[in-house]
Amino acid sequence: KAGVTQTPRYLIKTRGQQVTLSCSPISGHRSVSWYQQTPGQGLQFLFEYFSETQRNKGNFPGRFSGRQFSNSRSEMNVSTLELGDSALYLCASSSGEGMRTEAFFGQGTRLTVV
Amino acid sequence: GQQVMQIPQYQHVQEGEDFTTYCNSSTTLSNIQWYKQRPGGHPVFLIQLVKSGEVKKQKRLTFQFGEAKKNSSLHITATQTTDVGTYFCAGDDYKLSFGAGTTVTVRA
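Protein sequence lines correspond, in order, to chains F and R.
Each residue of the first sequence is one higher than the last, beginning at 5 in the working numbering.
Each residue of the second sequence is one higher than the last, beginning at 122 in the working numbering.
Hints were generated in silico from the structure; no laboratory data involved.
All C-beta atoms, glycine included, are put in the ideal place defined by N, C-alpha and C.
Treat the hints with care, as some may be off.
[Said to hold, decoys possible] Listed next, the in silico BS3-like pairs over lysine-lysine satisfying Cα-Cα at most 27 Å (straight line):
hint	chain 1	residue 1	chain 2	residue 2
1	R	191	R	216
2	F	61	R	191
3	F	17	F	61
4	R	177	R	191
5	R	172	R	216
6	R	177	F	61
7	R	172	F	17
8	R	172	R	191
9	R	177	R	216
[To be verified] Distance ranges between label pairs, derived from CB positions:
hint	chain 1	residue 1	chain 2	residue 2	range
10	R	188	F	9	23 to 29 Å
11	F	106	R	228	28 to 34 Å
12	R	139	F	75	44 to 50 Å
Could you build the full structure based on these sequences and the hints that come with them?
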């Protein structure tokens, strides 16, 4: 079956702009999590959505928001971009039910803020 | 909140040698997962440990979950060039929290 698809793969934005990233999970998966990855920082958890509801949230400012649609596709929005938002943004899908099982990651969206 | 720490951050290994990377959580975990990310790639799931003291093996990789379910280790024997990458542990405590990873380079 198809893997996790993230679009776009690369993005260059100017400071102060806003950006929307998209993630299509594996068919049948209802949980989508978003992570920010920067060199040396590992994967920082942004939020998790399950059945269109935000189930968990990390310690990021309110400029970072997300949503999930009825088909489980998810979008992440960052407003008023800062230089420090430059990173690889990864989404991961899992079944989301019962005990957490393996997460399948997309290729990521590489965001550069100039 | 939960914090997951991994050591070492970097591991430079001679091909054929063994090494171990360690993962420690500030809270008790329901389970722990390990992922590998090749350079330029995305994290790929390796294994999940659920039971206290659990040990699982995948060929040259041995994973262990501590008795108190607050720490874990990954031991790789006879390192090969294909082992290059960053290994992350991820602790499950309502959300999956990743450590900073151990980046492995191999000298042929």
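Tested hints:
1. Proximity of residue 191/R to residue 216/R is assessed by CA-CA distance (about 15 Å); at most 27 Å being required, the pair is judged to hold.
2. A C-alpha spacing of about 22 Å is found between residue 61/F and residue 191/R, which places the hinted pair at or below 27 Å, so the restraint holds.
3. Restraint check: the Cα-Cα separation between residue 17/F and residue 61/F comes to about 25 Å, which is no more than 27 Å; the hinted pair holds.
4. Between residue 177/R and residue 191/R the alpha-carbon distance is near 17 Å, which keeps this suggested pair within the 27 Å criterion.
5. Between residue 172/R and residue 216/R, the direct Cα distance comes to roughly 18 Å. Compliance with the 27 Å bound is thereby established for this hinted pair.
6. The suggested pairing of residue 177/R with residue 61/F is violated, with an alpha-carbon distance near 31 Å, which exceeds 27 Å.
7. As the CA atoms of residue 172/R and residue 17/F are separated by approximately 45 Å, the hinted pair breaks the 27 Å bound.
8. For the hint pairing residue 172/R with residue 191/R, the CA-to-CA distance comes to about 11 Å; that is within 27 Å, so the pair holds.
9. For the hint pairing residue 177/R with residue 216/R, the CA-to-CA distance comes to about 23 Å; that is within 27 Å, so the pair holds.
10. Checked against the given bound of 23 to 29 Å, the beta carbons of residue 188/R and residue 9/F, roughly 40 Å apart, lie outside it.
11. Look at residue 106/F against residue 228/R: about 31 Å separates their beta carbons, and that is inside 28 to 34 Å.
12. Roughly 46 Å separates the CB atoms of residue 139/R and residue 75/F, a value that falls within the hinted 44 to 50 Å.
Violated hints, listed in ascending order, are 6, 7 and 10; each of the other numbered hints is respected by the structure.
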